[in-house]
Amino acid sequence: MSTARVALRSNRRPLLLLLILPVAWMTVFYLIPIGVLLTHALFSVKYPKIDHHLTLVNFQTFVDTELYIRVLVRTVVMAVGVTLCDLLLAFPVAFWLARRVRRNREIALFLVIFPLWSSYLIRIFAWKTLLGTSGILNSFLQWAHVTNAPISFLLYSKWSILIALTHIWLPFMILPLYTVLDRIPESLLEAANDLGAGSVAAFRTVVLPLAKPGIVAGGLTTFSLTMGDYIAPTLLGGPGDQMIGKLIADQFGVANNWPLGAMLIIPVLLIISTILLLANRAGAMERTAG
Amino acid sequence: MIAVSAQPRRSLGRTALNASVCLVFLFLYLPLAVIVLYSFSAEKVNVWPIGSYTTHWYHVMWHDPEVRKGIMLSVRIGLSAAGLAILLGTLTALAIDRYAFRGKALLRFCAVLPITLPGIVTGVAMLSFFSVTGFELSNRTIIIGHTTFCITLVLNSVVARLAQIPRNLGEAAADLGASPLRAFWTVTFPLTLPAIIAGGLLAFTLSFDEIVVTLFLKGRDATLPLVIWARLRRGFSPDINAAACMIVGVSFIAVMIATVITRSSRSAQ
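The listed protein sequences derive, respectively, from chains A and B. Its first residue numbered 1, the first sequence is counted upward by one per residue in my numbering. Its first residue numbered 291, the second sequence is counted upward by one per residue in my numbering.
Just chain B, same shape as in the assembly (with noise of 0.2 Å):
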C-alpha cells in the first residue's frame, strides 16, 4: 500500500535523475563528437551545418612529416616512460604490499605528489634542477618527466590489485619449499601481471597525451601534442581534427584493452 503510494514521487525523481545524467553524459561526449564529425568536414572552418564530407585531412594529416615524426617521437617517449614507470612503479607497490616500514604513509604522500600537484609545478622545478646540474634538455629529459608521473599511476594499479592476492597463497608456496623469489615469480608476479600491465597501459597514454610537463623539458625534437600546440596557436588548421581524432582513436584501444584485463583478471579470480 505504502509502495504504491510513494510510487509517481519515486518515479519523477528517477525521471529527473535519469534526464540530468543523459544531459551529463551528453556534456562529457559533445567535444569528442565535434572533433570527429569536423575531421570528415569538407569545410575550411568549422561551421554548421556541414556541407559535404570527404576524407582528405586525414589523407593531409597522414602525410604530414612533421606529424609523422610526432607520433614515432611521443610512442617512443610514451613506452619508455610506461617501462620506467612499471619498473619502479610495482617495486613501490611491492614494498608497500608486503612490508611493514617508518615513512610509508610519508612514501604514499610523496608518490602521489606528481599527479596531486599541477603539472606546471613538476615541469619548471624539473627544468631548474636540470639546469643547475648542468643537464642539457632532449628527449631523455621529457622520459624523466613523464616517468615520474607515471609512476603514481602503476603504483595504485598494483598495489589494489596485491591487495586482493590472499595471503596465504604465498604462505603456502613457501610452505612447499619455495624460495622467497620464486614464490615471487609462480605466484604473486602471474597474478599481479594484468594490473602491471593496466597500469603501464594508462601510463602510456597520459604520456603520449602529455603537453604541460612536455613543454618545459622539451629539446629540438616535437611530440605530437606539441605539434599540435604550435598549430593551434598558429590558428585553425583542419588537418588537426583528423589528428586529434586518430589520437582520439588510439586511446580508446589502449582504455578498452586496460578495461578487459582488469575486467578479466577480477572475474577470473
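Looking at chain A on its own, in the form it has when it is part of the complex (with noise of 0.2 Å):
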C-alpha cells in the first residue's frame, strides 16, 4: 500500500495530464461563471446597461419586497412538500425492489428509472391534459357521473404543481433509498424478529436508521430540484403560485434587471448549501457509525 502510494506521488505528470482539460473546463466554464453570478448581485442597473459600481442596494430591494419574501417561503414549503410526498410514494417501492424482487430485478430497474429520461416538459404537458377542466379526469368523472360539474381547483393552483413535480422527481427518490435498503442484510432483519421485535419495530429500529443516508440523499435532490423548477409553476400554476425560479427567470428575460435576479439566487443558493452540509455531516456520521 505504502510503495504503491510512493510511486504514485513519484509521478505526477500523468495525474496532470488527466486533470487539466476537465479541471480547466469546471472552473472556466461553472465555477467562474458562478462567481460573475454573485458578483453582478453587488451592482446595480442604469437602463439598458449595468452599472458596475459596488452597491447594497439589491439586497436592501429584496428585504423590503415583502414578494419576495413570500414567494421564497412559498418556495420552500413547496419544495419540502414534495420532498415528503416523494419520501412517502418512493419507500414501498424502493423496500420491494430491494426486498421482494428477486429474479428480472433489472428490469424493475429499468421500469423505475424510465420516466426520468422521458421528456421533462413533456410529463407537465401530460399533468395539464390530465387536471384541466376538460381534461382527462373531470372529463372521466363526467362521463362516470360521480360529478356533474368540472372540479376546477386541481389545475392552475399549488396541488397540480405539487402533483406535477412530485411525479417528476420520484426516480431520484427510489434509487439512493433502493441503494440503501438492498444493502441491509437479511439476517439484520430476521434476528430483529427472533428478538421479539415485531414488523413496525424492527422498521423502526433497524430498517429506518440504516435506510437514513439514502433519504438524505434522495431528499436532498428533490428538494434542490424543487427549489429551483420554474417550468412547473409557469404551465401547471396559476398567478398566485409562483415560485422563486420564475421571478429569477423574469430578471434575466423580460424584466432585464441581472443583479436583482443574482441577489434572489443567493437565498436559494443559501439554503440548498446549508442543506447540503446538514445532509454531509449526516452522510458522515453514518460512515463512521458503520
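Hints in this document: simulated from the structure, not taken from any laboratory. It is possible that part of the hints are untrue.
[Said to hold, decoys possible] Derived pair list, reagent style DSS-like, types lysine-lysine, alpha-carbon separation capped at 27 Å: (1) 158(A) with 128(A); (2) 394(B) with 508(B); (3) 508(B) with 49(A); (4) 212(A) with 394(B); (5) 46(A) with 508(B).
Got two chains here, separate frames each, mind docking them using the hints?
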C-alpha cells in the first residue's frame, strides 16, 4: 500500500495530464460563471446598462419587498412538500425492489428509471391534460357520472404543481433509497424478528436508521430541484402560485434586471448549501458509525 | 408453528406493499400512457372518452419544418455535448480512480454541483459569464452548458465501473512489459468502454430533453424542447402529443441500450 502510494506520488505528470482539461473546463465554464453571477448581486442597473459600481441596493430591495420573501417561503414550503410526498411514495417501491424482487430486478429498476429519461416538458404537459377542466380526470368523472360539473381547483393551483413535481422527481428518491435498503443484510431483519420485534418495531429500529443516508441523498435532490424549478409553476400554476425560480428567470428575461436576479439566487443557494452541509454531516456520521 | 401463526399478518403486509407499489407505478406511468393514447386521438382537444383514432398528428408533426429543424439541432447538440462529456468525464474518472491527490474530495464535490444545484443556477451563471466576456450566444453556448452537467453523468458511470476492475490486471500488464499507455489501451479501456458508452447515452438523452439551461443560453435557433415550450405556452396543439411520443420512443430505445450494455458488461465480468 505504502509503496504503491510512493510510486503514485513519484510520477505526477500523468495525473496532471488527466486533470488539466476537466479542471480547466469546470473552472472556466462553471466556477468562474458562478462567481461572476454572485458579483452581479453587488451591481445595479442604469437601463439598459449594468452599473458596475458596488452597491447593496439589491439587498435592500430584496429585504424591503414583501413579495420576494413571500414567494421564497412559498417555494421552500413547496420543496418540503414535494420531498415528503416523494419519500412517502418512494419507500414502498424501494423496499419492494430491494427485498421482494428476486428475478428480473434489472427490468424493475429500468421501469423506475425510464420516466426520468422521457421528456420533462412533456410530462408536465401530460399533467395539464390530466387535471384540466376539459382534461381527462374531469371528463372521466363526468362521463362516469361521479360529478356533474368539472372540479376546477386542481389545475392552475399549487396542487397541480405539487402533483407534477412529485411525479417528475420520484425516481430520484427511489434510486438512493433502493441502494441503501439493498445493502441491509436479511439476517439483521431476522435477528430483529427473533428478538421479538414486530414488523413495525423492526422497521423503526433497524430499517429506518440504516436507510437514513438514502433518505438524505434523495431528499436533497428533490428539494434542490424543486427550489429552482420554474417550468411547472409557469405551465401548471395560477397567478398566485409563482415560485422563486420564475422571479429569477424574469429578472434575466423580460424585467432585464440581472443584478436583482443574482440577488434572488443567493437565498436559494444559501438554503440549498445549508442543507447540503447538514446532509454531509449526517452522511459522515453514518459512515463513522458503520 | 410460529411461522404458521405469523402467516396471516405477513401476507396482509405483503398485500399492502404490493398494492402500494402498483399504485405508485400507476402514478409514474399514467402521464406517459396519456401522451401515447392522445397522440392517436382524432379529437381537437384532449377529452375522455376518445371518439376516434388517427395517425394524422404524426403526419403533421413529421412534415412540420420547425419540428424537423428542432430535432436535427437537438441531435447535433446532444452528440457534441455527450462527446465532450465522455472525454472530460472519463479523464476525471481515471484521475479519481488511479491517483491519490489533495483536493480529490473537492473535485468530486464540484463535479456533482451542476446536477445537484437547479438548472436555473447553471443557466443564469453562464449567461452572465458569457455576457461579461463578450461571448455571443449561439448553439455553441448551449453545447457548453449541456456538457457541464453531462460530465457528471459520464463520471459517475465510469468511476463505478473502474472500481470493479481488479487492480492486479493493470499490474499484470505492466509486469509483462506493457507501458502504462499500452496497459490502458489493451486492458483498462476495453473493460471500461461499456460504462463510457452507457454514460454517454444517458448524457445524450439528458441533453436532448434539456430546457432550462437551453432557455438562457440559446442563440437564434430552437432545439426541439424549445419548439415544444413555445407551442405549449401558446396553448394546445395536438401534434405536440405526437412529437412527445416520438421523444418518449427515442429515450426508451436509448435507455434500453444503456441498460443492456451495463447489464451485459456486469455479467461478463
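Next item on the list: Just pull the numbers of the violated hints for me, sorted ascending.
Entry: 2
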